[in-house]
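Those protein sequence lines, which keep their order, are chains A and B.
Just so you know, the first sequence maps onto residues 1 to 268 in our numbering.
Just so you know, the second sequence maps onto residues 269 to 595 in our numbering.
There could be a bad hint or two in this list.
[What the hints assert, rightly or not] Here are the simulated distance ranges between beta carbons:
1) B:N407 to A:P187: 43 to 49 Å
2) B:I420 to A:A220: 53 to 59 Å
3) B:D536 to A:K71: 39 to 45 Å
4) A:T79 to B:A589: 50 to 56 Å
5) A:R18 to B:G456: 55 to 61 Å
[Claimed, not checked] Every beta carbon over 10 Å from chain A, so not counted as near; a handful from chain B, in silico:
6) M314
7) L397
8) A439
9) P452
10) E453
11) A461
12) G579
Quick caveat, the hints were computed from the structure, so don't treat them as lab data.
Cβ coordinates follow ideal geometry from the N, Cα and C atoms, glycine included.
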Amino acid sequence: MAFILLAATCAFGQTPRRIVSLAPSLTRQVYDLTCQNRLVGITTFCPDYAKGKQVIGSLTLLNFEKILTLKPDLVLASTDSNRKNDIERLRRLGVKVEVFEGCEAFSCMCREFRRLGVILGRGKDADRIVAGVSKRISGLRARLPAEGRPRVFWQMGTSPLITASARTFTGEIIRAAGATNIFDSLPAKYPRVNVESVAAADPDVIFVVSDMEDLENGAASWRTFPRIKAVKANRVYVMDADLVCQPTPGMYLKAFEAVMEKLYPGLS
Amino acid sequence: MNRAAVLALLLFFTLASVVVALFTGGTPLPPAETLRALLDPSAGGMAGTLVWELRLPRVITAGTVGASLAACGVVFQAILRNPLAEPYTLGVSGGGALGAVIAILLGLGGLPMAALCFAGCCLSVGVVLGAAYARNFTNSMLILTGVILSFIFSSAVMFIFSVASSRDVHAAILWLMGSLSSPPEGSGAMLAAILPLALGLTLFARDLNLLSLGDETSYHLGLDARKAKALLLLAASLITGVCVAVSGVIAFIGLVIPHFSRRLAGADHRFLLPASMLAGAGFLILCDSLSQAVIRPLELPVGVITGIVGGVFFVLYLLRARPEEVI
């Protein structure tokens, strides 16, 4: 059976062997599909475990010479991280570029992950991973308490104060976790909000997204507002920015689990 | 040093910087391979691709943008008779920045972005020249409307920054610093269109000589100052607009190179203009190759290099120059 599979992969003849990833989220997904040995180039800000791969520039300033010398047979780009000019330029230089959508919805992340899987010759693995993630999410959701939707303020940035609306994947996670985002209805994806409007909405729980180095400061500023329910009940939680800022199925699950854990301690 | 010798020296500097740029680039390549690729364009291979498809187009872009910005700087300083005048004085960069930031926000790239950016440049120049025309084209009117308009545009850009996503803001800020890394499609044609225009500025060297004496004097010497100023400012602004659309706002070249060249070649624009163009081309080519080489494999925006290198260099020059030499 394994032999037939191998033969089928070879028959395709086009499975890429030398991949350059232009976005941290795509690098992560290549690792999720265990194709890292085919990855020859990455950008800065890629996950720690990708250290040791050749760096081909930062997200906004790519080193085209470096990319060409790595002789990639496939470059992975994302509408979210890469500039159109750069993608066009690579194509003009004769490099094959596959562009992935920067997703907000979980369904979109799964679709793009599966597409990457097929391109890398790991379609079955991708399907299996997506199925596993979906199953775990629905399993957790089945155990949601029947009553009481906690009202949540999600703090993406501290100064200025930035939150996430319903149109972002964070918004979707909050919804899926049976909670209500107090700024769900704002039109912008990541709107700036006023601290008074947070106090007026009086959330039950506050999530502060922060770099790991700065864990304490993020939550501390809320102590000056002891009347807010979340502060009173000591329910201001700091979330690791790396955990909740990468739109891939695997990271979506991790972020979802972390949110569930804080919202309903002892559930899982 | 006589003027012919100065021009020859600057020509040598420009050619030398071209050689340096072709041999350095963003990735290490043995000089022997680079040389082989240069001597035999049809050979192909990795070295051929790097040299002919990446480095040479980039050198040509840098040279054209550098020469154009320097020439425009000379024109602006002569007409406005102000040592701080530069190609961006009439708000060209502010208008261009607003156009480009709107394009980034709309998810546009390539030619549409360049077009929107150029439209922004034209808008600001149109407003400034129109307002100045109504007030007899005095220098103070030109400078003040230009500065005020720049403020309005940069406030509009800041407003957009405050509501846009951080990714867009990051892309826009890098664009504002200027880079020759990936010029939009069609920029070759745009630059080919402005190079003759920039070279053509030398035909007006005598007019610039007269204008730098002041409106009244030049009028008495037989020049229609108003018409000449309007024409030259329009041409210089269009050239600057194209440069901004191709490579973002590259600081300092248009301000510093004219002063530096004036010291070498004198104030006669028949020599000052070509000298500035050569110095500007060589300087930007050199800075661009530095921007790729200092933190390889990462690249710096070239505006960072021109600002630091040009700034330090210029302070030293100011300290050493005699007061009467500084315009």
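Hints, one by one, checked against the model:
1. B:N407 to A:P187: 43 to 49 Å: 46 Å, holds
2. B:I420 to A:A220: 53 to 59 Å: At 39 Å between Cβs, range violated.
3. B:D536 to A:K71: 39 to 45 Å: Roughly 53 Å apart at Cβ, these two residues miss the hinted range, so it is violated.
4. A:T79 to B:A589: 50 to 56 Å: For B:A589 against A:T79, whose Cβ atoms are near 51 Å apart, the range 50 to 56 Å holds.
5. A:R18 to B:G456: 55 to 61 Å: Cβ of A:R18 to Cβ of B:G456: about 30 Å, so the range 55 to 61 Å is violated.
6. M314: Check fails; 6 Å does not lie beyond 10 Å.
7. L397: Label holds. Min Cβ-Cβ 30 Å, cutoff 10 Å.
8. A439: The claim breaks: B:A439 does not keep its Cβ more than 10 Å from every Cβ of chain A (closest is about 6 Å).
9. P452: Non-interface label fails for B:P452: nearest chain A Cβ at 6 Å, not farther than 10 Å.
10. E453: For B:E453, whose nearest Cβ neighbour in chain A is about 6 Å away, the distance does not exceed 10 Å, so it is violated.
11. A461: 20 Å, holds
12. G579: 21 Å, holds
Hints 2, 3, 5, 6, 8, 9, 10 from the earlier list are contradicted by this structure; the remaining hints agree with it.
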